[in-house]
Amino acid sequence: MGTDFSEPKRQSAAGVAVMFADHLQRSIRVLVFPIILVLVRAKGMNHWYLIAGFLVFLFILIIYSYLSYLRFSFFLDEEKQEFVIQKGVLSKEHISIRLDKIQQVNINQSLIQRIIGVYSLDIDTAGSDKKEASIKAIDHHTATILRERLLNRDTPGTTTEKSTDGQGPNPEPLLKLSTTTLLKVGLTSNYGASVALLMGFIFAIMEMLKNYTEAFQLEENPIKALSTEGLNLISIGVLLFFALLIILGTNILRNFIKYFDFEVIKKKAVLAITSGLFEKKHTLLKPARVQISSYSQNYFQKKLDLMNMKFKQASFDSADEDDKDNKKHDIEIPGCDENERDELLKMIFECIPPKNSTFIPNYRFLFLTIMLKVVIPISFFLLIGSVLVHLRPYFWWIIPYTILVVIMLYFEFAHHRLYLSENFIIKKSGIWDVEHQIMEPHKIQGITTKQYFWHKKANIGHLVLHTAAGTIHFKYGNYAEIHRMANYWLYYIESGKKDWM
Amino acid sequence: MQDFTNETLDIDALPKYEEVALNALSRKYWKVVLLNISIFLFILAAAIATILLLVEELRPYLYLFTGIYLLFSILLITLYRASIKRIGYAIREKDLIYKSGIISISTSIIPFTRIQHITLNEGIFSRMFQLGALHVFTAGGISGSITIPGLDINLAKTIKEELNRQLAKVD
Chain E
755 MGTDFSEPKR QSAAGVAVMF ADHLQRSIRV LVFPIILVLV RAKGMNHWYL IAGFLVFLFI
815 LIIYSYLSYL RFSFFLDEEK QEFVIQKGVL SKEHISIRLD KIQQVNINQS LIQRIIGVYS
875 LDIDTAGSDK KEASIKAIDH HTATILRERL LNRDTPGTTT EKSTDGQGPN PEPLLKLSTT
935 TLLKVGLTSN YGASVALLMG FIFAIMEMLK NYTEAFQLEE NPIKALSTEG LNLISIGVLL
995 FFALLIILGT NILRNFIKYF DFEVIKKKAV LAITSGLFEK KHTLLKPARV QISSYSQNYF
1055 QKKLDLMNMK FKQASFDSAD EDDKDNKKHD IEIPGCDENE RDELLKMIFE CIPPKNSTFI
1115 PNYRFLFLTI MLKVVIPISF FLLIGSVLVH LRPYFWWIIP YTILVVIMLY FEFAHHRLYL
1175 SENFIIKKSG IWDVEHQIME PHKIQGITTK QYFWHKKANI GHLVLHTAAG TIHFKYGNYA
1235 EIHRMANYWL YYIESGKKDW M
Chain V
298 MQDFTNETLD IDALPKYEEV ALNALSRKYW KVVLLNISIF LFILAAAIAT ILLLVEELRP
358 YLYLFTGIYL LFSILLITLY RASIKRIGYA IREKDLIYKS GIISISTSII PFTRIQHITL
418 NEGIFSRMFQ LGALHVFTAG GISGSITIPG LDINLAKTIK EELNRQLAKV D
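Residue numbers (the working numbering), protein chains in the order written: chain E, 755 to 1255; chain V, 298 to 468.
Incorrect hints may have been included.
As the list claims (entries may be wrong) - Here are the simulated lysine-lysine pairs, BS3-like style, with alpha carbons at most 30 Å apart:
1) V:LYS457 <-> E:LYS834
2) E:LYS841 <-> E:LYS1056
3) E:LYS1040 <-> E:LYS1127
4) V:LYS313 <-> E:LYS855
5) V:LYS391 <-> E:LYS1034
6) V:LYS313 <-> E:LYS1229
7) E:LYS1182 <-> V:LYS328
8) V:LYS396 <-> E:LYS1252
Just so you know, the hints here were simulated from the structure itself, not pulled from any lab data.
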């Protein structure tokens, strides 16, 4: 394939194989139960029929894949500034994407694609139209050029010189994760996900053991025996130790698979990020497209000078639910030290965002949260306990619970800070993992200020900044100061010409 | 905001969104809300009546049910009345302000340059009273958008056209 994208183009010829694998995988997923049913029912039937049927099925799939390869074409419409994909065997589909709506172009490689030696190119758009645009088989050289063309639409001349150095000597990476860093990251972060993974695993094993004992009609179920005889302290200790070991192990393993060979390279105005052990992921990040940049660190990571960074881009699904799993648009840097963080921030913002003035929430921050998380649950517990007598021996649990929750709430309060400077907003928050979210005022979509009527006298209120990548809250601040901030940011947005994307 | 300023810019001299005089919704909007509430209350009454008819043991509590029902109705109506009275909006030269709420009073501001699109909704009851609801969307999702209910339909159309004109100017 050449580098001229103005004429409709097909994918690499190897695309037939990728499409075949894709269709096969998809149809097996759909047909797995009917097939099993047929296999079970067809005990008496001649096996040759089955094999013949299977071959016919494969043949149809091959033809279908070939047709969909033939029908798939893409081109770049320079005049309309659109990227057009046409596809569909039975029904024709025409996808056109405005170039200025493209926010990220990813070049990925799955296992099958790695075997065949092609890549897939996925286009990520910011828009309510959620059309998935992806090219399944394209060689690396073409993919990189096309990506440059899609992202640097203003400078069409630069692509030719780019194609000459192509795969040549890459510039020095801005950040490269060594194995030891990955190990450290695995040891200190993302416990939640690994615990969930482990729990699922344990439940699966328990279920299997149950089935196994039932199937062989064993008298003793090891798990049942454990629970009836009761666990003594030593065995609990051993169990906890192993659980911890497994959690850390899965954490490290997960990190290795996801972030192996993690590299950030600065290419002109964009950041190129590659990672992955089995599936290679290449991502290009345009600093202007980043809505919120954040870095977070917990106590252990602080001791190791290690932090986690995240760049959030505009996404219409996740703007409402910022803590859902919708992290497709987020770009994560699992581990970096302070210097590397500063380098990356300089890349994004052209300077290290200063913290000129600090805003502290009012002590009333603690009132409502303590009320909701300590006073109400405990009084509820006492109330139930007064009716159900057998709960009473557990009343002493209230003491450790209260201490733990109050400590956590205190840390939440102590970490809840807003730092401002002329061109930056930095919000610090978190209990264990302390996160700093950095954004520029021109990325604000809307501002909401809130006040409970009983806080009028105390002059306390809340601030919500809406962005295309979620919201930023600052609670229990001085309301007069919040008004001043809001007025300043409105002035900043409305007098400036800076676009948010 | 100690060293927040840049000396040449005096933040206190900037226009203050919190002091803008707000417009109230159309008076007819209360009738629309009242209609909606009465339909809801009617359905609720019907449901309670059916339960009382079917379950004989509950019948002695008829007065209790009626009392709770009446109390609930009065509470609902007064709350709605109060909340509608609190709603206010304003259109400035460069942004849109919307204020609402009884317990938590919130004010949202959307600069015109951040508006993605605007829609005008007319419900059945609203249409009866020539009213409409204006939705202003941004890239900030649902939480970052503003809905102004109970606008006179002609006024709503004028505002929509004006905002669209502003959008075109920005582009």
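(request) Take a quick look at whether E:LYS1040 and E:LYS1127 sit within 30 Å of each other, Cα to Cα. (result) violated (42 Å)
(request) Given the hint that E:LYS1182 pairs with V:LYS328, test it: the Cα-Cα distance must not exceed 30 Å. (result) violated (46 Å)
(request) Given the hint that V:LYS391 pairs with E:LYS1034, test it: the Cα-Cα distance must not exceed 30 Å. (result) violated (46 Å)
(message) Between the alpha carbons of V:LYS313 and E:LYS1229, is the straight-line distance 30 Å or under?
(response) holds (21 Å)
(message) Checking one constraint from the list: CA of V:LYS313 to CA of E:LYS855, max 30 Å. Satisfied?
(response) violated (34 Å)
(message) Just to be careful, I want the Cα atoms of V:LYS457 and E:LYS834 compared with a cutoff of 30 Å; is the pair within it?
(response) Distance ~28 Å between V:LYS457 and E:LYS834 Cα, so the pair holds.
(message) For a C-alpha distance cap of 30 Å, please report whether V:LYS396 and E:LYS1252 respect it.
(response) Holds, at roughly 27 Å.
(message) Just to be careful, I want the Cα atoms of E:LYS841 and E:LYS1056 compared with a cutoff of 30 Å; is the pair within it?
(response) violated (51 Å)
Violation of the numbered hints given earlier is confined to hints 2, 3, 4, 5 and 7; the remaining hints are satisfied by the structure.
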